[in-house]
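Okay, here's what each chain looks like letter by letter:
There are 2 protein chains.
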Amino acid sequence: MEKITKILLSEKEMPRQWYNIVADMPNKPLPPLNPVTGKPAGPEDLAAIFPMELIKQEVTTERYIDIPEEVIDLYRTFRPSPLFRAYNLEKALGTKSKIYYKYEGGNYSGSHKANTAIPQAYYNKMEGVRRLTTETGAGQWGSAMSFACNHFGLELLVFMVKVSYHQKPGRKLMMNAYNAKVVPSPSTMTAAGRKVLATDPDSPGSLGIAISEAIEIAVQDPYTKYSLGSVLNHVSLHQTIIGQEALIQMEKANDYPDVVIGCFGGGSNFSGISFPFLRENIVNGKKTRFVAVEPASCPKLTKGKFTYDFGDQSGLTPLLPMYTLGHNFIPDKIHAGGLRYHGAGVLVSQLRQDGFVEAKSKFQRECFEGAILFARTEGILPAPESSYAIAGALDEARRADLEGVSKTILFNLSGHGHFDITAYEKYFEGNLPDHEATAEEIELSLANSAIPTF
Amino acid sequence: MEKITKILLSEKEMPRQWYNIVADMPNKPLPPLNPVTGKPAGPEDLAAIFPMELIKQEVTTERYIDIPEEVIDLYRTFRPSPLFRAYNLEKALGTKSKIYYKYEGGNYSGSHKANTAIPQAYYNKMEGVRRLTTETGAGQWGSAMSFACNHFGLELLVFMVKVSYHQKPGRKLMMNAYNAKVVPSPSTMTAAGRKVLATDPDSPGSLGIAISEAIEIAVQDPYTKYSLGSVLNHVSLHQTIIGQEALIQMEKANDYPDVVIGCFGGGSNFSGISFPFLRENIVNGKKTRFVAVEPASCPKLTKGKFTYDFGDQSGLTPLLPMYTLGHNFIPDKIHAGGLRYHGAGVLVSQLRQDGFVEAKSKFQRECFEGAILFARTEGILPAPESSYAIAGALDEARRADLEGVSKTILFNLSGHGHFDITAYEKYFEGNLPDHEATAEEIELSLANSAIPTF
Numbered sequence: 015m016e017k018i019t020k021i022l023l024s025e026k027e028m029p030r031q032w033y034n035i036v037a038d039m040p041n042k043p044l045p046p047l048n049p050v051t052g053k054p055a056g057p058e059d060l061a062a063i064f065p066m067e068l069i070k071q072e073v074t075t076e077r078y079i080d081i082p083e084e085v086i087d088l089y090r091t092f093r094p095s096p097l098f099r100a101y102n103l104e105k106a107l108g109t110k111s112k113i114y115y116k117y118e119g120g121n122y123s124g125s126h127k128a129n130t131a132i133p134q135a136y137y138n139k140m141e142g143v144r145r146l147t148t149e150t151g152a153g154q155w156g157s158a159m160s161f162a163c164n165h166f167g168l169e170l171l172v173f174m175v176k177v178s179y180h181q182k183p184g185r186k187l188m189m190n191a192y193n194a195k196v197v198p199s200p201s202t203m204t205a206a207g208r209k210v211l212a213t214d215p216d217s218p219g220s221l222g223i224a225i226s227e228a229i230e231i232a233v234q235d236p237y238t239k240y241s242l243g244s245v246l247n248h249v250s251l252h253q254t255i256i257g258q259e260a261l262i263q264m265e266k267a268n269d270y271p272d273v274v275i276g277c278f279g280g281g282s283n284f285s286g287i288s289f290p291f292l293r294e295n296i297v298n299g300k301k302t303r304f305v306a307v308e309p310a311s312c313p314k315l316t317k318g319k320f321t322y323d324f325g326d327q328s329g330l331t332p333l334l335p336m337y338t339l340g341h342n343f344i345p346d347k348i349h350a351g352g353l354r355y356h357g358a359g360v361l362v363s364q365l366r367q368d369g370f371v372e373a374k375s376k377f378q379r380e381c382f383e384g385a386i387l388f389a390r391t392e393g394i395l396p397a398p399e400s401s402y403a404i405a406g407a408l409d410e411a412r413r414a415d416l417e418g419v420s421k422t423i424l425f426n427l428s429g430h431g432h433f434d435i436t437a438y439e440k441y442f443e444g445n446l447p448d449h450e451a452t453a454e455e456i457e458l459s460l461a462n463s464a465i466p467t468f
Numbered sequence: 015m016e017k018i019t020k021i022l023l024s025e026k027e028m029p030r031q032w033y034n035i036v037a038d039m040p041n042k043p044l045p046p047l048n049p050v051t052g053k054p055a056g057p058e059d060l061a062a063i064f065p066m067e068l069i070k071q072e073v074t075t076e077r078y079i080d081i082p083e084e085v086i087d088l089y090r091t092f093r094p095s096p097l098f099r100a101y102n103l104e105k106a107l108g109t110k111s112k113i114y115y116k117y118e119g120g121n122y123s124g125s126h127k128a129n130t131a132i133p134q135a136y137y138n139k140m141e142g143v144r145r146l147t148t149e150t151g152a153g154q155w156g157s158a159m160s161f162a163c164n165h166f167g168l169e170l171l172v173f174m175v176k177v178s179y180h181q182k183p184g185r186k187l188m189m190n191a192y193n194a195k196v197v198p199s200p201s202t203m204t205a206a207g208r209k210v211l212a213t214d215p216d217s218p219g220s221l222g223i224a225i226s227e228a229i230e231i232a233v234q235d236p237y238t239k240y241s242l243g244s245v246l247n248h249v250s251l252h253q254t255i256i257g258q259e260a261l262i263q264m265e266k267a268n269d270y271p272d273v274v275i276g277c278f279g280g281g282s283n284f285s286g287i288s289f290p291f292l293r294e295n296i297v298n299g300k301k302t303r304f305v306a307v308e309p310a311s312c313p314k315l316t317k318g319k320f321t322y323d324f325g326d327q328s329g330l331t332p333l334l335p336m337y338t339l340g341h342n343f344i345p346d347k348i349h350a351g352g353l354r355y356h357g358a359g360v361l362v363s364q365l366r367q368d369g370f371v372e373a374k375s376k377f378q379r380e381c382f383e384g385a386i387l388f389a390r391t392e393g394i395l396p397a398p399e400s401s402y403a404i405a406g407a408l409d410e411a412r413r414a415d416l417e418g419v420s421k422t423i424l425f426n427l428s429g430h431g432h433f434d435i436t437a438y439e440k441y442f443e444g445n446l447p448d449h450e451a452t453a454e455e456i457e458l459s460l461a462n463s464a465i466p467t468f
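First to last, the sequence lines map onto chains A and B.
According to our numbering, the first sequence holds residues 15 to 468 in order.
According to our numbering, the second sequence holds residues 15 to 468 in order.
Be aware that a few hints might be false.
Said to hold, decoys possible - Just so you have them, the derived chain A footprint on chain B, three or more residues with Cβ under 8 Å:
id : stretch
1  : 21–30
2  : 89–96
3  : 187–193
4  : 437–446
Since the hints were made in silico from the structure, they are not lab data.
Nothing here was measured: the structure is a model prediction, and the numbers come from that model.
Think of the CB as a built atom: it goes at the ideal place given N, C-alpha and C, for glycine as much as any other residue.
Please model the complete structure; the sequences and the hints are all you need to start from.
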């Protein structure tokens, strides 16, 4: 058989439905709670910030959700995404294992975030919304949303975590190019931002704070709603197109993964690549392992607590049942800005709780080392976030070689690092600190992140 | 028939040969001349800086040249490249015409330069070369060459035009990530660099100086050779894979271009997309028009002179028969660094002389305006160089609409603009000057760029 490096699918082969893992979960996720009443949050608790169609998707137990034709139409510009066999990386490692990666950085936004930005903008437009607000850390999500909003004729206001705003001016300008307004967070535009700045004028910001700011603006105007790029069920739902494509592509490669790996921030890219394969475990008896790789400086899955917590720093969201470091946790300024989030998606949290998902944490230097090896062999310069998935894949290949076995490894290369050059510069200069969140820090953060009692 | 946005080819459909248009040219190009003797330059004039296989490709009249298997293997990581139908751009324009673009920015280097970097590194490696030197302006070529050299186990020393070195640190770091050494030019490493610095310590550098430095280092060591990213016949040859793929893809789209458009610096990306279609004109009676779009500040094809001139500023290359503004021409500092070259490739020059190729010049503000429209509709943020091709395509569509006809327009989107954010920033700030090289300036430059007489 001829060697094939890229397994491509035609637009005709693109999945026409998203996959909702809730339908197949043995234990359904606990409901979000209204933080005032302590009762399960209903659609009315979310209607101020989300359109009804996304709220429905948030709670549905339907197994498959149709992708609207207008969304398919824009997906066509970059989906199906390619699945690569990493021949050159395998050769450099001298591994017996086979390494595949699904590349989600080939679209306009440079990451998987486009997969959910497009439907989110679409559903809001359909329900008469005129403006969206959102937060962004590393900037992938903001870029993804900027183009999607402009395409559907919506205004967009992005609160960009201040440390990223200064580290990554390219991302800010990209959002401007796509017609969005970008504000560094914490800002003086909101009460939440002003409160943070009053205590710490030099606050680097966090995703939690930026979310609070974006929600605060959204609830003030009936024609403005809010959009979130990870964590929630509907976001993970939209990302499942990644794994569904990969299922078809692995079949075309006459192969099947022993292990599926993703980096982990809020959980959406990990969910996207994993859930369709996880269904094969649950329903068809496959034995694939699923490994989420998170930063040692923000280790919610490995050191956090499974409990109800707010999704944002100020406590504006419903209470979500998740692995969390406490909503007041401020992660160290590592360069994988997209992974600096205190909590984990509700679905992944439940699946981790039930033993379906493994997790491990990594220091950033080791991840950058893996990213450079990857760039020099496979060509693509990875996003710092994606480098955690690479490091996870390298671990699997090396362990298999030590054990004298060959594994089929699949990871999600969630994005490129073209706007992360300062991070690479620091790595080459030897100025990339490793930081580990200690048990004491996490305990303190959890204690300082009290939630209402009922 | 179902709407298809991306016309993809499988790796099996990738062309296995490059196309050499010399075989089909009614008038063959004039020979390069040895600048000392005035006689046609032979292989011995080039052997100090190029490997024999590339010298052979420079002068061959064979119609098709086999692509080595090792080159095919690395092409697999990004070729065939997609051909897009620009539905969203067409809609925004309200045009009756069909606009297609071949996207060459999806590979590791972010531009078409990878197509020739890989074979150049390969042939040098096969002939025992251990190190290559090259120059880079905007940085696409340097990035492309860095990865290719690292892959084949060659060292690479890149002289990067100093003004770009400081304006585009991202490109420099990308080259470092791919294991290349990057030096700002003029440097103190060479006599040529020291000479410039002695007269002007603050010299911003130029491609001409950087070429001189790279060649000076290469000729000092038998295991070091030099590599050029455009202008020469073998470079255009390697780029024809673009047009050959596009021929197959247009056929799959049941369509054929009335006009093919490329931006124009040294000519390699324009040649790459055009030559295979031009063959159809010459051999099969097709009537496609070919339009090269160059900056008004560096208008060799529209205002230059067809004559023998040096390929570099210091006069180290053979004399090449080409459209030129004079080898001492210093173009205005427009942001399309890759188009700031005084000459035009030998093959395109002859074809332009013989009426096969049209040319037009554009101001950069209009091109950036087109680039933003393109980004907001098609998603991809274009390289400033590629924006000239976009502007050319928009002209064709608008003219066809005025004439009440529908045309099929194909252009080459040669690269992305992820490392050109400062240029976009200046555009948004309104700080992007338009500059036109006047007839007087060009006359003066030609007078100051004397070549030896024999």
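So which of the earlier hints does this model not fit? none
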